[in-house]
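Participant: Chains A and B supply the protein sequences, listed in that same order. Be aware that the first sequence starts at 1443, since it is given in our numbering, and climbs by one per residue. Be aware that the second sequence starts at 258, since it is given in our numbering, and climbs by one per residue.
Treat the hints with care, as some may be off.
[As the list claims (entries may be wrong)] With beta-carbon atoms standing in for the labels, derived distance ranges: (1) Arg-1458/A - Ser-319/B: 42 to 48 Å; (2) Met-1501/A - Leu-371/B: 27 to 33 Å; (3) Thr-1447/A - Lys-274/B: 39 to 45 Å; (4) Thr-1447/A - Glu-301/B: 32 to 38 Å; (5) Asn-309/B - Gly-1457/A: 30 to 36 Å; (6) Lys-274/B - Asn-1495/A: 27 to 33 Å; (7) Asn-1472/A - Gly-260/B: 27 to 33 Å; (8) Asn-267/B - Gln-1487/A: 17 to 23 Å; (9) Asp-275/B - Gln-1487/A: 29 to 35 Å.
[Said to hold, decoys possible] Sample of chain B residues lacking proximity to chain A, with all beta carbon distances greater than 10 Å (derived): (10) Ala-259; (11) Asp-281; (12) Thr-333.
Hints are computed from structural coordinates only; laboratory data are not their basis. Ideal placement from N, C-alpha and C gives every residue a C-beta, glycine not left out.
The residues making up each chain are set out below.
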Amino acid sequence: DAKTTQPTSMDCAEGRAANLPCNHSTISGNEYVYWYRQIHSQGPQYIIHGLKNNETNEMASLIITEDRKSSTLILPHATLRDTAVYYCIVRFISSGSARQLTFGSGTQLTVLP
Amino acid sequence: GAGVSQSPSNKVTEKGKDVELRCDPISGHTALYWYRQSLGQGLEFLIYFQGNSAPDKSGLPSDRFSAERTGGSVSTLTIQRTQQEDSAVYLCASSLGVMPGELFFGEGSRLTVL
Chain A
1443 DAKTTQPTSM DCAEGRAANL PCNHSTISGN EYVYWYRQIH SQGPQYIIHG
1493 LKNNETNEMA SLIITEDRKS STLILPHATL RDTAVYYCIV RFISSGSARQ
1543 LTFGSGTQLT VLP
Chain B
258 GAGVSQSPSN KVTEKGKDVE LRCDPISGHT ALYWYRQSLG QGLEFLIYFQ
308 GNSAPDKSGL PSDRFSAERT GGSVSTLTIQ RTQQEDSAVY LCASSLGVMP
358 GELFFGEGSR LTVL
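This is chain B alone, in the form it adopts within the complex (with noise of 0.2 Å):
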């Protein structure tokens, strides 16, 4: 498609439960970013992909959450052992590189942790 794409849209889990996250970036980003939003609040940085560099993880807020980037392109947010401050809408954008440019974003994969 010609925008990034995130699956599932919504998610909803039960406590204690591991979670993945999808996010396809627009073809031929090399930049990928993870954020997350918690009901009425701003984006929280979690993670970026640049190319081949190391991904900058600072801000992953446990060592529960990972990510990964296959072969440049898609990525999945895993989540393990769920919590009910896990809930959020968890968003991915993609870019075209590192100067100056637009991040565009996902719809956003929405996770409810019972």
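Chain A extracted, bound-state conformation (with noise of 0.2 Å):
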């Protein structure tokens, strides 16, 4: 699986847009992008995936660039609750296997008051 890129953390003030980049210039065409996000103390919480276009759904948004290489998990309104390691995962999908996740660092967002 294509090796993924993030900043060690950013901030976001509260009722701002958050947005998380990362990097994935290795991509491949069969690998999509996924974004989970860990609060403190709890399990890893998947918030979406893309494969080429942009999504979109009731927690975020995902941009993905035209040619693939990075992504922007977008937070519309972030909230104090939002505070998490964001983990943007590049992985294989065929319909004959599957990978397990590769998580790597994140990025540690704090939403600030």
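Two chains, two separate frames, one set of hints: put the complex together.
Facilitator: What follows is the structure, given as structure tokens:
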């Protein structure tokens, strides 16, 4: 699976949009981009995933560049409860096999009041 | 229950003892994963089960670690002759299958080896 690079930490003001970047310059055509987060002392929580197109759900939006070498997770109105470590993961998927998610170090997002 | 259930939530054991950690995945989920997370560290993959296929054991750190999944549902992770470096939170996750989708994680079992 392609390696991802994320900033170690970021701050965001409560109520503002949080934009979390991720570089995955070696991504291949069969690899999806996944985002998870882990709030302190809890198990990771799925946020969103995408292949080529931008995606949006009730939690966040995922913007993937046209060359797929980077992506941005957007939390439109960050709250204090969004403080967590955010993991960007690239995962190979095919109809015949799957690989485990490989978690890197992630970005510690701190939402400030 | 609706989510992935793990037990025990906390386990304190003495070095050299064996421990068993249990995971009840979400009903109908064919894929099951075990990860561990040491204090302040990221998640480390241990083992993956998918349906009736042979499990992917590539992440197990030593032969003291083993896991089984009975009837395609409940899974047990066994650590024999525990060592202090085995102290970590052991996380289980399940998903509907191979194709793209989310993994649902349990709250983990915190293991402390004295």
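Participant: If a hint holds in the structure, say so; if it does not, say that too.
Facilitator: Right, here's what the structure says about each hint:
1. Arg-1458/A - Ser-319/B: 42 to 48 Å: holds, 46 Å
2. Met-1501/A - Leu-371/B: 27 to 33 Å: Distance hint for Met-1501/A, Leu-371/B is violated at roughly 40 Å.
3. Thr-1447/A - Lys-274/B: 39 to 45 Å: holds, 41 Å
4. Thr-1447/A - Glu-301/B: 32 to 38 Å: For Glu-301/B against Thr-1447/A, whose Cβ atoms are near 19 Å apart, the range 32 to 38 Å is violated.
5. Asn-309/B - Gly-1457/A: 30 to 36 Å: The hinted range 30 to 36 Å is violated for Asn-309/B and Gly-1457/A, with Cβ atoms some 49 Å apart.
6. Lys-274/B - Asn-1495/A: 27 to 33 Å: violated, 51 Å
7. Asn-1472/A - Gly-260/B: 27 to 33 Å: Holds - the Cβ-Cβ distance for Asn-1472/A and Gly-260/B, about 30 Å, lies within 27 to 33 Å.
8. Asn-267/B - Gln-1487/A: 17 to 23 Å: Because 21 Å falls inside the window, the suggested range holds.
9. Asp-275/B - Gln-1487/A: 29 to 35 Å: holds, 31 Å
10. Ala-259: holds, 14 Å
11. Asp-281: Answer for Asp-281/B: holds, closest chain A Cβ roughly 14 Å.
12. Thr-333: Non-interface label stands for Thr-333/B: nearest chain A Cβ at 18 Å, farther than 10 Å.
The structure fails hints 2, 4, 5, 6 (numbered hints given earlier, in ascending order).
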